[in-house]
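When you get a sec, could you build the whole thing from the sequences and use the hints?
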Amino acid sequence: MNKIILQNKRENISLPELYGRYSGDIFRYSLSILKNKEEAEDAVQEVFVKYAETESTFKGDCSYKTWLLVIARNYCFNRIKSKGHKNSRMDDAVFEEGVNPNYDTLISLRDAMLALPVDYSELIYLKEYEGFSYKEIAEITKLSPENVKIKLFRARQELRRILKGDL
Amino acid sequence: MKHYELEISQFVDNELPEHGRKELFVHLAECEECGRVLADYMEMKSGSRSFYENMEYEPEHPVNLPVLPQRTKERNIYQAMFYFAAAASVVLGLMFFMQQSSTNTITQKYKMLKTEYGKLDFNYNQAIKEVKTAEENYAPQNIPNDIKRGKEKSKKAQAAGRMAYKNTRQNTTDLTAENKDYMGNRPQLIRVVKVTQSDYLTPQIVGN
Numbered sequence: 001m002n003k004i005i006l007q008n009k010r011e012n013i014s015l016p017e018l019y020g021r022y023s024g025d026i027f028r029y030s031l032s033i034l035k036n037k038e039e040a041e042d043a044v045q046e047v048f049v050k051y052a053e054t055e056s057t058f059k060g061d062c063s064y065k066t067w068l069l070v071i072a073r074n075y076c077f078n079r080i081k082s083k084g085h086k087n088s089r090m091d092d093a094v095f096e097e098g099v100n101p102n103y104d105t106l107i108s109l110r111d112a113m114l115a116l117p118v119d120y121s122e123l124i125y126l127k128e129y130e131g132f133s134y135k136e137i138a139e140i141t142k143l144s145p146e147n148v149k150i151k152l153f154r155a156r157q158e159l160r161r162i163l164k165g166d167l
Numbered sequence: 001m002k003h004y005e006l007e008i009s010q011f012v013d014n015e016l017p018e019h020g021r022k023e024l025f026v027h028l029a030e031c032e033e034c035g036r037v038l039a040d041y042m043e044m045k046s047g048s049r050s051f052y053e054n055m056e057y058e059p060e061h062p063v064n065l066p067v068l069p070q071r072t073k074e075r076n077i078y079q080a081m082f083y084f085a086a087a088a089s090v091v092l093g094l095m096f097f098m099q100q101s102s103t104n105t106i107t108q109k110y111k112m113l114k115t116e117y118g119k120l121d122f123n124y125n126q127a128i129k130e131v132k133t134a135e136e137n138y139a140p141q142n143i144p145n146d147i148k149r150g151k152e153k154s155k156k157a158q159a160a161g162r163m164a165y166k167n168t169r170q171n172t173t174d175l176t177a178e179n180k181d182y183m184g185n186r187p188q189l190i191r192v193v194k195v196t197q198s199d200y201l202t203p204q205i206v207g208n
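Chains as they are written, first to last, in our numbering: chain A, 1 to 167; chain B, 1 to 208.
Hints listed in this document are in silico derivations from the structure and should not be mistaken for laboratory results.
Incorrect hints may appear among the rest.
Stated by the list, open to error - Listed below are the simulated BS3-like cross-link pairs for lysine-lysine, each with C-alpha atoms no more than 30 Å apart in a straight line:
id	chain 1	residue 1	chain 2	residue 2
1	A	K135	B	K22
2	A	K50	A	K142
3	B	K119	B	K129
4	B	K132	B	K166
5	B	K151	B	K129
6	A	K81	A	K50
7	B	K151	B	K132
8	B	K45	A	K151
9	B	K132	B	K153
10	A	K135	B	K45
11	B	K151	B	K166
12	B	K45	A	K164
13	A	K81	A	K135
14	A	K151	B	K22
15	A	K149	B	K2
16	A	K135	B	K2
17	A	K151	B	K2
18	A	K164	B	K2
19	A	K83	A	K142
20	A	K149	B	K22
21	A	K142	B	K45
22	B	K132	B	K109
23	A	K149	B	K119
24	B	K166	B	K156
25	A	K149	A	K59
26	A	K142	A	K59
27	A	K50	A	K135
Shown next, in the form of structure tokens:
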């Protein structure tokens, strides 16, 4: 995984360049919350529109990526709230591409991710894929680092419990 | 036996402090259950990463990115002028306000002093009235006897003095009148000549 080095606003990055760098991450993060491919694609579009609207208010106290993830998070949770389902299950269409069914682990993991609540799947994504520290995750999710630590532990406990077959 | 699942989760996240790691490793050497937990957590970690890595973002429809407003040089200049004008307005407003405050302070002081003057004036007039009332109500019998006698003596002395003055004037007038009479009726004055020794020694040729 190519981890993109986080940059703050000292460097002026154009919108197309931002899109090129972070659209994939925004998509995957939105997917971990919305669990629907089409909705996650819409979220990417909306996130960059929102960024364009609020670009002048960005103070540069965090990285571009963090700011975009915060916008994505707010959008996704508002969308979930408006739709009325909190623990939405991931759409099976997500798994049609790019998943090798020969890996039993991934199939089992897919089932487990389907069953995992949004709060937990979001943290699993930010930690396991993005590799953020507790402090960075706290900045995005507006939780305390201690709370992030406990929630991640519970997410792993839940995922483990599901993987063991206790659905 | 205490299990270290939370510490294992922190260790997998690379967030466990150094002293916690030592304790955990000691425990892992003795506890099989925690060993299994660690193995499961590590497998979940790699599986989750692969899971998300396989998700490529390939939108079906082209994405229309919004256009950010271009900040032209002119706009920056206008913006700078606007901020300068705003700052100048604030400064002028503050100066005006401070001046008004000082003027108001002087006016307030004047009013305060005027009020105090009015009170003092009133008190003064009251005091004058009281003095007048006291004087009107002044009863001689209340004056101590010494002062009373002194006043009487003073009056007598004054009267005597006035009489003496009158007499003196009269005497002076009389003397003046006598002097006038004397001067009018006086005999012819003999011319007094100053006689010197030479007058005696030199025969006087007198028309004889």
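When the hints from earlier in the document are held up against this structure, which numbers fail? 4, 22, 23
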